[in-house]
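Peer 1: Sequence:
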Amino acid sequence: MKKKKQIQNQTFDFELVEKWLENFFLDPLTSYYDQTQFQIDLYETEKEWIVEAILSEFEASEIKVYIEEKKLLISACKYPPSVTQLSKSRSIEFPFYVTKQEVTAVYTKGILEVFISKTENGLGKNRFITLP
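Numbered by the working numbering, the letters in the sequence shown go through residues -10 to 121 in order.
Hint data in this document are derived by calculation from the structure and do not stem from the laboratory.
There's no promise every hint is true.
[Unchecked claim] Below are the DSBU-like pairs computed for lysine-lysine, each with C-alpha atoms no more than 30 angstroms apart in a straight line:
hint, residue 1, residue 2
1, K98, K59
2, K98, K67
3, K67, K53
4, K59, K114
5, K36, K8
6, K67, K36
7, K60, K77
8, K8, K67
9, K8, K60
10, K53, K36
11, K89, K36
12, K53, K114
13, K60, K89
Turn these sequences into a full structure, and let the hints steer you where they fit.
Peer 2: Here you go:
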């Protein structure tokens, strides 16, 4: 296997990340949560990880994105809350500290995209990610 070129500031173990991705997509709970909560897809580019969540029944103000150490937490709850409309949430545990990376998010036409940089450092602490 050819070793990928390491990008400046990047501290990822590529073999560990590849194994993690394989496990994520083969885990039966991933499909179950895609159907019962909301669908999530993961993409990788040269400079970032992209987590895409389909949240078409929610407004941007009803969505919260939080990073906690190695976890990305996405939750959505209709406002005003009612007994018939439950909140939905998903979490993804990465094989690296998400808090140490720059993380941004956008919500457009029912699709939330969370961008986790491979090259830019973050604050290093748990935090909410603001949607524009």
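Peer 1: When the structure is checked against the list of hints, which entries are broken? Sort them ascending.
Peer 2: Checked against the structure, the hints that fail are numbers 6 and 8, while the rest are satisfied.
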